[in-house]
Amino acid sequence: MSDPSVLELNLRLLSPGQLLAIPLGMVGVTFGLFLLTGSVAPRFEASCRRDGAAAGSCLLREWTFLSSHEQRVELANTRFELEDVRSAQRGRSTVVSHLRVRSDDGATAFETELRGGPAIKVARAVNRFRETPTLTALEVSEGFSAGFFLAMLPVMLLLSLGPVWGLGGSLVVKANDHQLSVTRVRPFWKQERVVSFVPPARPLVELTRGTGRYRTQGTLAATAPGQARVVLVMWARFELLEPVERQLTAHYAASR
Numbered sequence: 034m035s036d037p038s039v040l041e042l043n044l045r046l047l048s049p050g051q052l053l054a055i056p057l058g059m060v061g062v063t064f065g066l067f068l069l070t071g072s073v074a075p076r077f078e079a080s081c082r083r084d085g086a087a088a089g090s091c092l093l094r095e096w097t098f099l100s101s102h103e104q105r106v107e108l109a110n111t112r113f114e115l116e117d118v119r120s121a122q123r124g125r126s127t128v129v130s131h132l133r134v135r136s137d138d139g140a141t142a143f144e145t146e147l148r149g150g151p152a153i154k155v156a157r158a159v160n161r162f163r164e165t166p167t168l169t170a171l172e173v174s175e176g177f178s179a180g181f182f183l184a185m186l187p188v189m190l191l192l193s194l195g196p197v198w199g200l201g202g203s204l205v206v207k208a209n210d211h212q213l214s215v216t217r218v219r220p221f222w223k224q225e226r227v228v229s230f231v232p233p234a235r236p237l238v239e240l241t242r243g244t245g246r247y248r249t250q251g252t253l254a255a256t257a258p259g260q261a262r263v264v265l266v267m268w269a270r271f272e273l274l275e276p277v278e279r280q281l282t283a284h285y286a287a288s289r
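Numbering of the sequence shown is given in the working numbering, commencing with residue 34 and proceeding in unit increments.
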C-alpha cells in the first residue's frame, strides 16, 4: 500500500513522436533546401567527341528541376569563354566568372547560367580538349550536385542528437513531508534539485510561463519558509509542468 504522505511522479519530457519529429524536421529542411537549390542552381553537362584531326563537337545540356535545354555545337567555330560579372551578395559587390559559349561571329551559341568555380572548370576542360588532338572524348559535368545534400543527411541526423538529448529525458518528482526534489534525467547525465524544510512547514510551488517565443515553455520553482527560492526545472513544456504544479500544491495542501 502506497504512503499518502509521499508523492512520486515520473514524466517523459518528450513523447516518442516528438523525439522523432526533431530529426525528421532537420531532414525535411535539408530536403527542402535540396529542392530549392536544384530549382535555381543549374547543372551543366558537356559530352565532346572528335574523329581524327577534326576539332570535334560537344553535346551541351544545362538543367534545373524546373527547366532543361540541350544543343550540339561544333568546336571548330565555337568558343568557351569566361566573362567577369558583378554579383551583389549581402550588400557587397563581388566579381564572378560567367561561362559564355559563343560562335565565331560573337553570337551566343548556347545559353548557360553557370558561374564561379564550376564555370572555370568547364571552360578549362573544353579548351584543353580542343587544344589536345590526342584526346578523342571528354565528359564534364559541373554545377548543382545532389551528392552534397546526400552527404548532409547523416550530418543533420547527427546534429539532431543535440536537441533530442537536450529536450528529451525525464523528470522524476518526489515529494514528502520534509523534502521536495526534482531530478532531470538524460542519457549519461542526471541533475537533482532539492528543497528541504522542517514539518509542519510546507513549500510554496510556483510555475511561471515564458514570454514571447518562449511562451510554450515554463519554469517550476519552490520556496520553503525562511529559505531562498529554488528553481526545480529551468525550462520544460508548460503543458507538462502545469499538472505537476497542481499535484504538488494539492499534495502539500492536503498534508497540512
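Incorrect hints may have been included.
Here are the in silico distance ranges between beta carbons for each label pair [as the list claims (entries may be wrong)]:
hint: 1; residue 1: Val73; residue 2: Ala283; range: 28 to 38 Å
hint: 2; residue 1: Trp268; residue 2: Gln104; range: 51 to 61 Å
hint: 3; residue 1: Ala184; residue 2: Tyr247; range: 27 to 37 Å
hint: 4; residue 1: Thr63; residue 2: Trp96; range: 18 to 28 Å
hint: 5; residue 1: Ser72; residue 2: Ala184; range: 17 to 27 Å
hint: 6; residue 1: Arg157; residue 2: Pro196; range: 11 to 21 Å
hint: 7; residue 1: Thr165; residue 2: Thr127; range: 53 to 63 Å
hint: 8; residue 1: Glu41; residue 2: Ser178; range: 50 to 60 Å
hint: 9; residue 1: Ser38; residue 2: Thr63; range: 47 to 57 Å
hint: 10; residue 1: Thr241; residue 2: Leu186; range: 21 to 31 Å
hint: 11; residue 1: Arg82; residue 2: Ser178; range: 21 to 31 Å
Derived by calculation from the structure, the hints in this document are not laboratory data. As the structure is a computational prediction, the values presented were derived from the model and not from experiment. Virtual Cβ for every residue (Gly too), placed ideally from N, Cα, C.
Now the hints, each set against the structure:
Restraint check, Val73 to Ala283: a C-beta distance of roughly 58 Å breaks the suggested window 28 to 38 Å. Here the CB-CB span from Trp268 to Gln104 is close to 59 Å, well matched to the stated 51 to 61 Å. Judged by the Cβ atoms, the range 27 to 37 Å given for Ala184 and Tyr247 holds: they are separated by roughly 34 Å. A hinted range of 18 to 28 Å holds for the C-beta pair Thr63 and Trp96, which are about 21 Å apart.
Between Ser72 and Ala184 the Cβ separation comes to about 20 Å, which falls inside the hinted range of 17 to 27 Å. With their beta carbons about 44 Å apart, Arg157 and Pro196 fall outside the hinted range of 11 to 21 Å. Taken as a hint, the range 53 to 63 Å is violated for the pair Thr165 and Thr127, whose Cβ atoms sit roughly 33 Å apart. Between Glu41 and Ser178 the C-beta distance comes to about 55 Å, which sits within the given range of 50 to 60 Å.
Against the hinted window of 47 to 57 Å, the Cβ-Cβ separation of Ser38 and Thr63 comes to about 52 Å, which satisfies the hint. Taking the beta carbon of each, Thr241 and Leu186 are about 39 Å apart, not inside 21 to 31 Å as hinted. In this structure the hint that Arg82 and Ser178 lie 21 to 31 Å apart at CB holds, the actual value being about 24 Å.
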